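So the protein lines, in turn, are chains A and B.
Numbered according to this note's numbering, the first sequence terminates at residue 125, and the numbering increases by one at each position without gaps.
Numbered according to this note's numbering, the second sequence terminates at residue 607, and the numbering increases by one at each position without gaps.
If you're looking for bench data, these hints aren't it; they were derived computationally from the structure.
What you are looking at is a predicted structure, and each value in this text was computed from that prediction instead of being measured.
Where a beta carbon is used, it is the ideal one built from N, C-alpha and C, also for glycine.
Misleading hints may appear alongside valid ones.
From the structure, some residues in chain A lie toward chain B, with a derived Cβ separation under 10 angstroms [what the hints assert, rightly or not]: (1) Lys-3; (2) Ser-12; (3) Arg-36; (4) Ala-64; (5) Met-65; (6) Gln-67; (7) Ala-74; (8) Met-81; (9) Glu-84; (10) Leu-90; (11) Arg-92.
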Amino acid sequence: MSKSVGPVLRMSDDVDGIVAAIVDDNPGQEVTVVDRGAYTRVSADGELRVTRESIERHLGREFAMRQLEGLMSAFAGRIEMTSEEVRWRLKRGNPVSGGPAASGPAASGPAASGPAASGPAEEPT
Amino acid sequence: MARMAREKWYDIARDLDWELSYVDYEAVFPEWMSGPGKIPREVWAKWDEPYKVTYPEYVATQREKETGAYSVKAVLQKSRVFDQLDEGWKSVAKEHFGAVALVEDLAMYAELRMARFGLSPAWRNMAIFGALDETRHTQISLYFPHGLLGKDPQYDWAHKAYQTNQWGIIAARATFDGMMMNPNVVDVAIQLPFTFETGFTNLQFVALAADALESGDINFANMISSIQTDEARHSQQGGPTLEILVEHDPRRAQWIIDKTFWVSARLFSILTGPGMDYYTPLPMRKQSYKEFMQEWIAGQFLDQISDYGLKKPWYWDEFMAGLDTWHHSLHLGVWYWRPTVWWNPQGGISPDEREWLHEKYPQWEEQFGAIWDVIIDNINDNRMELTLPETLPWLCNMCHLPIGTAGSPHNEKFPVRSYPVRYNGNTYHFCSRPCRQIWWEDRDTLYDRTVIERLLGGEIQPPTVEGILTWMGLTPDVMGDDAYDYRWAKPYARTRSPRDRPGRPHETTTPGMPPEQIAPPPPGARPVPVNALFEDDFVTQLVVVLDTDTVEEAARKVAAQVVGRRVAPRDAGLVVRHAGTVVPGGITVAESGISALDVVTVGWAEQ
Numbered sequence: 001m002s003k004s005v006g007p008v009l010r011m012s013d014d015v016d017g018i019v020a021a022i023v024d025d026n027p028g029q030e031v032t033v034v035d036r037g038a039y040t041r042v043s044a045d046g047e048l049r050v051t052r053e054s055i056e057r058h059l060g061r062e063f064a065m066r067q068l069e070g071l072m073s074a075f076a077g078r079i080e081m082t083s084e085e086v087r088w089r090l091k092r093g094n095p096v097s098g099g100p101a102a103s104g105p106a107a108s109g110p111a112a113s114g115p116a117a118s119g120p121a122e123e124p125t
Numbered sequence: 001m002a003r004m005a006r007e008k009w010y011d012i013a014r015d016l017d018w019e020l021s022y023v024d025y026e027a028v029f030p031e032w033m034s035g036p037g038k039i040p041r042e043v044w045a046k047w048d049e050p051y052k053v054t055y056p057e058y059v060a061t062q063r064e065k066e067t068g069a070y071s072v073k074a075v076l077q078k079s080r081v082f083d084q085l086d087e088g089w090k091s092v093a094k095e096h097f098g099a100v101a102l103v104e105d106l107a108m109y110a111e112l113r114m115a116r117f118g119l120s121p122a123w124r125n126m127a128i129f130g131a132l133d134e135t136r137h138t139q140i141s142l143y144f145p146h147g148l149l150g151k152d153p154q155y156d157w158a159h160k161a162y163q164t165n166q167w168g169i170i171a172a173r174a175t176f177d178g179m180m181m182n183p184n185v186v187d188v189a190i191q192l193p194f195t196f197e198t199g200f201t202n203l204q205f206v207a208l209a210a211d212a213l214e215s216g217d218i219n220f221a222n223m224i225s226s227i228q229t230d231e232a233r234h235s236q237q238g239g240p241t242l243e244i245l246v247e248h249d250p251r252r253a254q255w256i257i258d259k260t261f262w263v264s265a266r267l268f269s270i271l272t273g274p275g276m277d278y279y280t281p282l283p284m285r286k287q288s289y290k291e292f293m294q295e296w297i298a299g300q301f302l303d304q305i306s307d308y309g310l311k312k313p314w315y316w317d318e319f320m321a322g323l324d325t326w327h328h329s330l331h332l333g334v335w336y337w338r339p340t341v342w343w344n345p346q347g348g349i350s351p352d353e354r355e356w357l358h359e360k361y362p363q364w365e366e367q368f369g370a371i372w373d374v375i376i377d378n379i380n381d382n383r384m385e386l387t388l389p390e391t392l393p394w395l396c397n398m399c400h401l402p403i404g405t406a407g408s409p410h411n412e413k414f415p416v417r418s419y420p421v422r423y424n425g426n427t428y429h430f431c432s433r434p435c436r437q438i439w440w441e442d443r444d445t446l447y448d449r450t451v452i453e454r455l456l457g458g459e460i461q462p463p464t465v466e467g468i469l470t471w472m473g474l475t476p477d478v479m480g481d482d483a484y485d486y487r488w489a490k491p492y493a494r495t496r497s498p499r500d501r502p503g504r505p506h507e508t509t510t511p512g513m514p515p516e517q518i519a520p521p522p523p524g525a526r527p528v529p530v531n532a533l534f535e536d537d538f539v540t541q542l543v544v545v546l547d548t549d550t551v552e553e554a555a556r557k558v559a560a561q562v563v564g565r566r567v568a569p570r571d572a573g574l575v576v577r578h579a580g581t582v583v584p585g586g587i588t589v590a591e592s593g594i595s596a597l598d599v600v601t602v603g604w605a606e607q
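Build the full structure now, drawing on both the sequences and the hints.
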């Protein structure tokens with residue numbers, strides 16, 4: 001199961017430039033771009049980055065990394081931000097695809113010890 | 001002058017803190033507010049926000065965002081764009097403003113609580129930005145609809161709704177008080193920024209913007225997607241808190257996420273679902289609600305919690321199944337009880353729309369089609385009184401939404417039924433097992449009385465539909481009506497002859513209920529309010545029978561609220577089930593053992 005990460009950009013004149021910068025900064029990564037009008041989802045598997053330098057090259061003007069905030073309504077994955085670069089990635093590899101993991105941290109959690117066992121008894125309708 | 005790069009000084013500056021010498025640490029950061037639980041004090045020094053911003057950067061960026069949002073508004077205000085918007089779409093915006101504007105204000109207090117009681121200076125710093133963000137969101141969400149007041153009084157509810165006892169608002173207040181105001185700030189950080197703001201708000205503020213723009217509401221699309229750029233930043237105070245909590249108390253972390261996710265999912269199935277799948281005009285729908293939920297919640301959010309080492313919530317399969325039913329059921333409920341809302345719900349069941357629903361939700365026709373057919377025939381035969389309610393649906397003690405709406409008719413796995421529990425001499429009713437379990441575990445921070453409890457407690461006077469509407473704050477100029485004035489139902493009038501219509505009232509089985517059904521009983525009789533389900537209906541309802549009624553009379557009172565309204569009449573007798581057994585029709589309610597707050601099921605007798 002793939003784990004998509006990356007920004008969701010809101011409608012603006014700069015979307016195409018930012019997308020081009022992301023593609024430039026991630027050689028070898030398959031970057032998926034889904035355009036839903038009011039937002040554009042840019043994603044790739046596992047990790048994605050963009051640099052200030054590439055954004056400036058594509059927008060043709062100076063760009064402070066903080067300005068990305070005004071263009072980005074959401075993102076998938078965890079973010080790391082410096083003045084020169086933004087990264088989106090996930091730290092772990094194992095996706096939650098199957099049922100609850102027997103060794104998961106909450107194996108003894110509420111589902112096991114909750115009211116199903118000790119709580120209210122079900123009444124027939 | 002060149003400035004030093006932020007990362008060269010930021011970590012030191014934002015870690016500025018001091019040793020307390022005049023007061024105890026516990027007095028400044030008490031457990032019940034700060035909530036460290038099993039987390040050792042020194043661990044909080046590790047708290048590191050991933051999305052860093054300085055105050056000058058914050059001010060500059062927010063100024064740019066505000067300039068963008070308000071300049072678009074200024075331009076569009078002079079155009080006729082608003083007048084050309086679809087009435088159905090306008091309802092999406094009206095519902096949004098009323099349900100959201102003052103929740104933003106509440107979120108400001110939640111951020112301030114974290115800014116005061118958060119256990120790391122870095123966290124407190126970030127929460128200050130969060131509080132400033134939420135102030136902006138409150139202001140913009142009140143200012144935009146304020147400009148529309150002259151066009152439509154329903155926009156007044158942007159400010160009014162949250163200060164009323166309207167039933168949806170009670171649901172929202174219970175949810176958000178439980179998420180933001182009642183718990184300690186560690187719980188708040190996991191519930192609000194992490195679970196709610198990286199998950200569900202994206203649906204309402206980014207996904208919905210796609211439908212808004214397509215519908216021509218550029219102003220609304222611009223406003224909500226601008227708001228969410230703040231959320232993308234300040235929601236990041238959830239991650240570092242969760243990382244610490246997972247390390248020291250994974251069970252608590254999992255539970256907080258599980259319960260918040262479930263209650264949020266219930267609430268969004270009424271806040272966002274009907275807007276996307278019924279109110280937004282068909283050609284403008286970018287995706288179905290289910291598809292948006294799969295994109296934003298089922299995929300993205302699940303990846304995120306697994307990245308922190310947590311597992312899928314225990315009810316995940318039930319939640320996923322609910323994407324096919326919950327919001328359809330709630331749409332039907334909002335539409336049938338439309339005078340109780342401050343927007344005009346669009347029926348949205350024209351033949352073309354119905355085909356779309358069938359394509360997106362293959363079970364829709366089987367589960368909801370027959371009910372809408374009865375309603376459609378009543379509209380086309382001008383029996384409007386049968387399309388309007390005379391009682392209330394029974395409400396879930398946890399999510400405050402009608403019981404039945406976490407399932408659907410003709411659904412074996414998740415049927416229309418209550419999941420009750422007796423506690424402290426009271427019977428509490430729930431829409432689902434997860435709602436019951438969450439309430440059972442955390443009722444101290446989550447409990448709020450439902451409209452039904454307030455009604456039966458005598459808080460609402462007079463206890464009639466009119467009295468309830470007045471108590472909820474709804475005035476005739478604001479009460480909802482069909483957004484298209486029922487035009488969507490007209491095509492069906494040509495395809496069926498009146499005698500084929502299942503909605504024709506049947507004299508023998510639908511005696512009709514006098515409107516004073518919840519008024520004082522005659523001398524010698526005692527009212528018995530029951531949680532009644534008529535089979536094939538989609539909700540359970542409050543029906544007040546008398547202990548002197550025969551069971552058959554009581555069954556007719558239940559049928560009168562359903563048959564000919566949402567279930568087609570049949571030439572058949574009625575059968576009553578209570579506590580798992582069939583009750584004879586000839587005995588009285590008192591003799592049958594049916595008591596107040598009990599579940600009573602009425603169905604057709606076999607022919």
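Self-check item: Enumerated hints in conflict with the structure, sorted upward
Solution: none
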